[in-house]
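A.B. asks: Going letter by letter, the sequence shown gives residues 1 to 1228 in my numbering.
Because the hints were derived from the structure by calculation, they are not lab data. Some clues are possibly wrong.
Said to hold, decoys possible - Across the chosen pairs, the derived CB separations fall in these ranges:
| # | residue 1 | residue 2 | range |
| --- | --- | --- | --- |
| 1 | D909 | H848 | 42 to 48 Å |
| 2 | P53 | L778 | 57 to 63 Å |
| 3 | R927 | D257 | 51 to 57 Å |
| 4 | E885 | S805 | 31 to 37 Å |
| 5 | D1101 | D257 | 54 to 60 Å |
| 6 | K731 | K1011 | 29 to 35 Å |
| 7 | M637 | R676 | 15 to 21 Å |
| 8 | M637 | K731 | 32 to 38 Å |
| 9 | D1048 | D348 | 45 to 51 Å |
| 10 | T67 | M637 | 40 to 46 Å |
| 11 | M492 | E921 | 53 to 59 Å |
| 12 | L858 | S887 | 21 to 27 Å |
| 13 | I983 | S834 | 30 to 36 Å |
| 14 | P774 | K1016 | 19 to 25 Å |
Stated by the list, open to error - Quick list of in silico lysine to any residue cross-link-like pairs, SDA-like style, CA-CA up to 25 Å:
| # | residue 1 | residue 2 |
| --- | --- | --- |
| 15 | K275 | T263 |
| 16 | K704 | F482 |
| 17 | K1017 | Y1034 |
Here the structure is a predicted model, which means the values were calculated and not measured. Heads up, the beta-carbon is just placed ideally off N, CA and C, and yes, glycines get one too.
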Amino acid sequence: MPLQEPSVHLPFGPPPVLPLVDKQLKEFILSPEELPIHDYRFTQQHWGRTPEPHTLLNIESAPLGTTLKVRRDLAVGEIIDFVEVGFDESTEASKAISEAREPLWAGQFLESEDLFLQASTQNLNLDDDLSSVPPGFHRGIEFDADGFTPIGFEARGDVPNQHENSESRVSEPAAAIDSAPSTLINLMDLVEKEQELLSESMPSKTETEAPSNELTSPSTNEVEQDSDIIPKDVPVLKIKDTVPLKHNKFQWAEILDVSQPVTDFHEHVPNMAHKYEFELDIFQKQAVMKLEERCDVFVAAHTSAGKTVVAEYAIALSMKHMTKAIYTSPIKALSNQKYRDFRHTFGDVGLITGDWKINETASCLIMTTEILRSMLYCRSDVVPDLEYVIFDEVHYINDSDRGHVWEEVLIMLPPSVSIVMLSATVPNTLEFAQWVGRTRQKKVHVITTPKRPVPLEHYLYTGTGGSSKDDRFLIMDGQENFLLEGYRKAEMSREKKPSAKPMPQGRNPPKQQYWNLNKEKTMWIALVDHLRKREELPVVAFTLSRNRCDNNAEELRSLDLTVGTEKAKINGFIHRCIQQLQDADKNLPQVVRMKDLLLRGIGVHHSGILPILKEIVEMLFQDGLVKLLFATETFAMGVNMPTRSVIFDSIRKYDGVEWRHLYPGEYIQMAGRAGRRGKDRVGNVIILCKGEIPKEVDLRNMMKGKPTALQSKFRLTYKMMLNLLRRENLKVEEMMSRSFKESNVQETKEKIITELKTVEEEIKRKGELSSASPHSQLLIRFCEKSLDFLLDWNQIQREVMERCSAKYLTTGRVVLVTYQEHCNKIGVILMSESVKREQVYRVLVLCHANETLRENPLTERENEECDEVNKLLSFAWPQKYFVPEGSGGHTLIQVKGKDILEVSNQVLDVKNITYIKQDWEKRQMPRFRDAPVGQMCAQLVQDLSQLMHSVAAGENVISWLNPVQDMKVNDINLAPEIRRLEIIRQELSTDPCTSFANLEDEVRDIYSYLKLQQKKKNLKYTISYQSMTLYPDYLNRLNVLKRLRYIDDHDTVELKGKVACEMSSHELMITELVMEGVLTNLPTAEIAALLSCLVFQHKTDREQTLTKSLEQGIEEIERIHRGIEDVERAFKVGVEDPSCESENQLNFKLVQVVYEWAKAKPFAEIMQLTDIQEGIIVRCIQQLHETLQDVKRAARIYGDPKLSNKMDEASNAIKRDIVFSVSLYTKM
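Model the full structure from these sequences, guided by the hints.
C.D. replies: Listed below in structure tokens is the structure:
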């Protein structure tokens, strides 16, 4: 402690006995004016140093980012490999908890040392307050006063007294030992026996080294054990006798049986984290038990089956454990709905979207998957405290534009975080779960339930009003049986009615309705009346067009489906919801029109409706006040929106390319809204038949077909690459290799590695033989050259033979063939035919007598190897023709163009080809094997044999035709290749190796060795990054980033790359705009208007009136965009991925609308400038706000405060009125 200046009571102060050192030191440092002026040389001293400028160029090496991790065989514990893994990066001082550690449970958070000591010693009696039952045990041991002898068990007499002051260590009679309970243990005996065992295992010391006070040996009597505490038979792992683990295809995924009831649920979960007022279904109980065990769970069930219960329980568990949970959804509207539901259930819930941030520190956070991905990239402080992440609608991974985000998040999530995946029924749940489990190295428990809580009945409706309004025919019952009788009745009913106009085809269907408006109106009124009489309202009419939704609702304005009390509720609710709007917004045409429809019990729901109106429709529908709802398929993505009936206005849709029927997954997702659990016995699905009755096969495929399987839509983006290039523990290549797209390779990787080791060992054994001498080296080079030649030969010779087939490869033509075990054989062509679009030839060749019929035919692989070896020998010995031994035999072989080595100018007379073929095939049968050869076949064999023997004896010379000179193959691309192959073939035939003794055997050995080398190379390539599907695109994008200077030559992220990392989309475009200063000097309204080109993607033919400044700004943006496209085109980025091209397209059709909105014009006035629907404009402006925030972050990083301030002004200018009205789900 510093000395305190004493209180002064004397008039002259305290006596100067001890000066205050700290005071003098303070004055010495802070008062330089009091330093002596004479001894200035000692007042301040300076130690100079020699300048060394070159040291500025030295860069300290970065700390190691990786370490080695041991991989062991789980069966025997043997070390099988070392894997390089990255260190955890989250070691910054700002982070209190590591990302890699598991969350702390309730009561597990650390306290300070003082509080710990205070809590541990306060009111604690060390003699009486100690526990006797250890945690996890049912019983324990109570000790005597000595502290080491159990009560009821006296000390052994043969144990030496180590505590002489203790009376309890006095020796007792042996009877006391025998009368002691057998369930108690003398711990001192155990310790002493353990020391005895240790001493026996150590080398013994000599008597001179033994201490003089050596204790007496402890008793050798066995200690009686308590069967409840210490097991009698300790299990020992016998490594040599261990049965090898069976390979399970789905070792990282396990499907749980939901067919049997869970009878012991309350024993496994005695205290549920969240109580439910109803009995849980079997699949829900299974999921809850696995969540209690902190397992990963994948629940695939039909719509409205109760998957939300699983999500709720995961959130409840995280709150019980005082950790965090994140719920992700594919769309913001779903996030808003879940925020309301979970807030009412749990209270401490937050919402994070691109538009709003509410209660960011809550225990449960709801967000889109893109927000979670950004949090993982920037290493948010929320991640270390995560216990559960819930992925709702995980089948959205099939989305071509956003599906890759789900894969990125699943790969980057720490293993300590448990995941809950909720999905509609998909056929490959196990395959997907296996990928997730292997990626996270954690088993995923799959729970599927094909049973619907409310069965569905499917109908065809052919009514047109009047007497036919009840014409509804059941075609599939609640047990999913297709009823052909109902389909036939629907056909007969349709035939009695006048035919309707056919379904339009093409990209732009006609504007008129399939029926005239009056007939359409009559049909809808009759159908609604039919449903109302049968008490099958409310109903959702899925109409796969926004305009048709609006038109159908307008045509039914005369229909009134509500009573007075319902109208009062609807009117009051709408009034409360829109009272926050400006007066001008309350009187918007769409608001007035929707209010009138809702009062009649009719609603419209699609992307063109204002967000606040969509939420009003959803809430009124949930309360049963909307009886008829016209909606597009996006309504099927909502939550808790069941209905009594579902109507399909049409089962055909235009998907941007063509008109097609709904896929089974699309149909099931929408039809699944029918049937309210606890209210309806069945749900009704009605398909309107305005035109022809859909074909039976189309209906079966749509209703009973398998939903679309989960498929990888993983793709590379510049944002992902730049973010991963800044990390050390996860590389871009690793992200690609762990994606669902590469799951097949990862599944077989261990098998390939094992096979690679086997191949390497075999090569090692053959290596000495193959490289021992110069002789072997010559053979290796010869075989390598021959194999390379063979690859080119197979391709070129096939094309040559195809061109010459009609004229030269005809019946009777003599050819030289090498095919499988037939090497350099002269044969005659019998016939040719086309097999799988390739011409094949039946050739009769001679062979040894014992080769006519093989008892053990070669395998396909052996035939392939034999074929290649014999072709190598054919190239080495082109004039060494096959001659059979003795009379020999003959056979028919089927060869391709590449197997014909030469074509001669000789043609043999072949009579009755069919007879020769049938005669040979007959003699292949076992019972006709010894039958005599037919006369015509024997004559042909004799002619061929005479020719072959005359050639072998030198009496005759066969003239082989030259493809270019004789057969006139003069193709400008093919002829040079033929000449090149002729030169190489000549070199092979004159190679010194052709004169080696035993060449055939040596070539076979070298061929086997080279094949092993090629197999090793192929296996290494298969498990390497280079084999990945996206690896070429990765290299191309890497070159783009280098060319544009986002990264340097060493792949280090530069300033432009750091700016691009902060962008949510269009990272290159926004970065270039900021770095080139295109936006800095523009007014805020023009900046907002120009940036709308990045978010608007719809089509419109309305012309715009733009200022000259806006037109110049458009030209500048297009110039920068062309520059980026030119670089991407130069490196072939996006050539095979159309989604990349569409994503980067600019659309300036909303510039005038946004410009006027930023200039503070009312929403009603800007709607006069465009034909785009209100809801789409609102969504684009909301997305534009996110883009402005991206530009603001970019300007801040780049150091442009002027542009950053303008972005704030632009955001404030567009963030107003009905466009940014607060979601009703966040207030109610």
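A.B. asks: Going back to the hint list, which numbers does this structure go against?
C.D. replies: 1
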